[in-house]
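*Asks:* Since the structure of chain A is provided, determine the placement of chains B, C and D on it from the hints.
Chains as they are written, first to last, in the numbering used here: chain A, 14 to 156; chain B, 14 to 156; chain C, 14 to 156; chain D, 14 to 156.
Just so you know, these hints were derived from the structure itself, not from any lab.
Just a few of them, taken from the derived set where beta-carbon distance is under 8 Å, the chain D residues facing chain A:
1) Ser-102
2) Asp-104
3) Leu-122
4) Val-130
5) Leu-143
6) Thr-148
7) Thr-150
The structure displayed is predicted, hence computed values, not measured ones. Think of the CB as a built atom: it goes at the ideal place given N, C-alpha and C, for glycine as much as any other residue.
Number of protein chains: 4
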Amino acid sequence: MMAELEPLLDITDVQRFLDAEFPQVAEDYQILEIAPKRLKLRLVPSAKHLRPGGTVSGPTLFSIADCAVYLAIIAHVGEEALAVTTGASIDFMRKPAADADLICDVELLKLGRGLVVGDAAITSAGQPGLVARATLTYSRPRK
Amino acid sequence: MMAELEPLLDITDVQRFLDAEFPQVAEDYQILEIAPKRLKLRLVPSAKHLRPGGTVSGPTLFSIADCAVYLAIIAHVGEEALAVTTGASIDFMRKPAADADLICDVELLKLGRGLVVGDAAITSAGQPGLVARATLTYSRPRK
Amino acid sequence: MMAELEPLLDITDVQRFLDAEFPQVAEDYQILEIAPKRLKLRLVPSAKHLRPGGTVSGPTLFSIADCAVYLAIIAHVGEEALAVTTGASIDFMRKPAADADLICDVELLKLGRGLVVGDAAITSAGQPGLVARATLTYSRPRK
Amino acid sequence: MMAELEPLLDITDVQRFLDAEFPQVAEDYQILEIAPKRLKLRLVPSAKHLRPGGTVSGPTLFSIADCAVYLAIIAHVGEEALAVTTGASIDFMRKPAADADLICDVELLKLGRGLVVGDAAITSAGQPGLVARATLTYSRPRK
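Only chain A is shown next, with the shape it has when bound in the complex (with noise of 0.2 Å):
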């Protein structure tokens, strides 16, 4: 356990393992800054990310909230980590803006051999509160 509160890697190791893993969606994710037991994630919302009304999308605000969590794990724990998503609960509590970046600040709560809770604040740039916030379960299958 103790190993784990520093991070192993650092923002090239985790940005790469992005681009390599999850070529899908890599280009709209950078990483801002890795931390013990933190990560700042990035998204420049483009046109596949926004809704009427001139906002981002609820699935939008997920999808990063999913994978800074995501990174922040791979971060403390190592590229070759097994770790699924079980769970997740969001809030929506402002509108973002379309054409402001979001920013995505997660934080590992418990990072355990089995279970691992992580907390991910959403921000609007540029707009005070959090647009949302999200809290996302992983399981480490044991080998």
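*Replies:* Here is chains B, C and D on its own, set in the frame of chain A:
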């Protein structure tokens, strides 16, 4: 309230609404059934929905649940309805097959003037058990 | 897995387990039915469960859901089972009557070696519609 | 909205409200702190809160989170406020000690005219890491 127990719109109406309002995702989804408080939606997974290991991504499962509950509300309240997703929780239980249709069965558990709660049960065609189950809440703003 | 589809214990067994292990709450609950993957539990609200306005408290609704899913696991896996609640989500939809029985219908959506997911639908006797719906997840530790 | 950023009531006011309105549970709880958007609540576990294995029950953790968010709303909006719990999600992460105080730190993430979202982080005194984390949503009915 009584008027809302029966759907106002049929499959053709709701599919047309989907095509017009959500052109970016409309081609992914086909409405299979509309009944009192219920709607059934199908997604045929394509490359963009897949993940390594021959499965469908978690965000795709979230998306079909969100879309299906939203369309169920439209079917029962009408096209001019305003309904904003305020929260969601989802449990991922079994790995869907990459090459099988996803079927999402929605039941509106509550269709109030302010709050709507929809249940979404997702199966992967030809596979026993649910692949995921979600509950979504929507707020209907006052005029 | 096959062996777990049918309940191992009957109502008398599970009620006795409840009385022995949870004496503090056992008198509140009565098991009404056990069937494959299912269990039905009743609570007769007393003063400690009530809130101003003639209704039952939210924590009481959470408690019956948690208890009912746990007992459903015990009924299917046996008394020696270890199962730890890891997460829950609940939607409160209608106000239960203070003087009506609460009935909680559980379905085990997944009964895996590691993860269990149970659905709990709560009604207030004599009132149409669900008063609450919860999903609870449990982890079964490896021996 | 601006008027709601600062608490309207202090610890004495809110403790008095708790004693008057919820006499059944008031003796369990002590308000430790009220600050802008925040409230801190303590519970000293007694026999009724415990479970086999020397720990505090899941419903007790749910209850302190629900109570603390509700009191935070009252502190910021006033005693005459109406706020109904509409949903909650909670992750249980570590086993609280039976003989240590539970501390619940609430932050109101959104305090809207219709919807309130509160975050509740629960610790067991003297133990590192959260024992549970919950998000609760409340609806404020229009007059």
